[in-house]
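Just need the whole structure built from these sequences, with the hints factored in.
2 protein chains.
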Amino acid sequence: MAASKTRTKQSSTDSDMPDTRARILAAALRLFRKRGYHGAGLNDILELASAPKGSLYHHFPGGKEEIGVAVVAEITRSIVTLFESSRARTTAAVVLQAGEQMSHTIERTNHELCTLFTAFLAERSTSPKLGIAVANAYAEMTEALQTRLQSDGMKPRLAKDRATAVVMLLEGGAMIAQAQQSVAPFRLAVKQAASLCEIAD
Amino acid sequence: MAASKTRTKQSSTDSDMPDTRARILAAALRLFRKRGYHGAGLNDILELASAPKGSLYHHFPGGKEEIGVAVVAEITRSIVTLFESSRARTTAAVVLQAGEQMSHTIERTNHELCTLFTAFLAERSTSPKLGIAVANAYAEMTEALQTRLQSDGMKPRLAKDRATAVVMLLEGGAMIAQAQQSVAPFRLAVKQAASLCEIAD
DNA sequence: CACTAGCTAGACCAGTCGGTCTAGTTGCGC
DNA sequence: GCGCAACTAGACCGACTGGTCTAGCTAGTG
Chain A
8 MAASKTRTKQ
18 SSTDSDMPDT
28 RARILAAALR
38 LFRKRGYHGA
48 GLNDILELAS
58 APKGSLYHHF
68 PGGKEEIGVA
78 VVAEITRSIV
88 TLFESSRART
98 TAAVVLQAGE
108 QMSHTIERTN
118 HELCTLFTAF
128 LAERSTSPKL
138 GIAVANAYAE
148 MTEALQTRLQ
158 SDGMKPRLAK
168 DRATAVVMLL
178 EGGAMIAQAQ
188 QSVAPFRLAV
198 KQAASLCEIA
208 D
Chain B
8 MAASKTRTKQ
18 SSTDSDMPDT
28 RARILAAALR
38 LFRKRGYHGA
48 GLNDILELAS
58 APKGSLYHHF
68 PGGKEEIGVA
78 VVAEITRSIV
88 TLFESSRART
98 TAAVVLQAGE
108 QMSHTIERTN
118 HELCTLFTAF
128 LAERSTSPKL
138 GIAVANAYAE
148 MTEALQTRLQ
158 SDGMKPRLAK
168 DRATAVVMLL
178 EGGAMIAQAQ
188 QSVAPFRLAV
198 KQAASLCEIA
208 D
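Those protein sequences? They're chains A and B, same order as listed.
Count along the first sequence from 1, then add 7; that gives the number in this note's numbering.
Count along the second sequence from 1, then add 7; that gives the number in this note's numbering.
Derived by calculation from the structure, the hints in this document are not laboratory data.
Among the hints, a few may not be true.
For identical chains, the list gives no copy identity; a pair is met inside one copy or between any two copies.
To be verified - Once the Cα atoms are required to be at most 30 Å apart in a straight line, the calculated DSBU-like pairs of lysine-lysine come out as:
# : residue 1 : residue 2
1 : Lys167    : Lys198
2 : Lys136    : Lys71
3 : Lys162    : Lys198
Structure below.
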């Protein structure tokens, strides 16, 4: 329908209709998080995106796997950005701020899109690429946090452990939040994670 | 592993061949954890269990969903038992001890069977029963820990929060361990979880 | 205008899915 | 022995899966 990837070529009436590729990606993101990688069929994704199969395989020649990798990369990027672009002074404050944003997302989506990468982890055995994408995702998030913690003055070794723990808490928190259909557990995870970033010894 | 549900009925030669029902359950447990709920097909499970489809639907009339619920219940029970039967004095020690056991399981299974309930969580939208089973699983684990923490003298409110955080860390830790194919992150999670059980203020 | 990429469109396909059903087989109570 | 219930066995099924392929539309260029 509408368009523009690098260059615009949108007609004058596409106001609420982004790029087909983007629409497919958004639909996949939504459904993968809601029903898992296997649980979300290509047809479901296509329907939600209002796109035909031809477009999907034009934009993602690698098929479902490529879409999965792209989705993981997008989630990762958005979270890492959240960590890195924050203007808060301490890492603890950064985590609180980012956590707040995530909490809103969770609420906005009726607690459906909570778990982050778990949906893809199970594919590790059948799709190495997806497995690598998830491993990278965790690594990037941890690294971003570790860097901030170190610039707070924390020793590298400790910073890495704390950063890892923060990621675990957020992931686990998102999971329990989804299971219980409530943001409360996630907010608790954020609080715990933030306090891990404060106390430094 | 062994057999017999209510009454035994084993022939004299089934030494290494438990009850069909148990075999199916064990196979399902293994494959669900490795490939996720959708990723593991009934045929795969049946093949691993060396059982025909008739047996499966005889023992689990509810089909795949019933097997899923049973698997979740079994995992839950084994973990809660780990928490409750420990003779360690403090909850921190209990967590360390249970964590050690889990670490061994992770190593023994080539980091394949790590994530605990995530595989089933995605089914919440299509199968209420599985969703409830997972929610119960988290609730039971948390409750068991909370009880122990309170008997350590911790205030109920705080105990509940700490217990929840411990579960989150373990779940998140298991996930990252699977992603990275290493027990190290899980052991870190256990350490953090244990220290959450100590400091009481 | 014609020509060509880029993209849309969806019919189509082989394979697999979870699930059903009928036909044995087995072992215990009588 | 017979009879019956518990269980095993696997052929079979419709629905649906991810993926392929050809045809057509559309915009930009000469």
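The hints, checked one at a time:
no.: 1; hint: Lys167 <-> Lys198; result: both (19 Å within a copy, 14 Å between copies)
no.: 2; hint: Lys136 <-> Lys71; result: both (11 Å within a copy, 28 Å between copies)
no.: 3; hint: Lys162 <-> Lys198; result: both (22 Å within a copy, 18 Å between copies)
Checked against the numbered hints given earlier, this structure breaks none of them.
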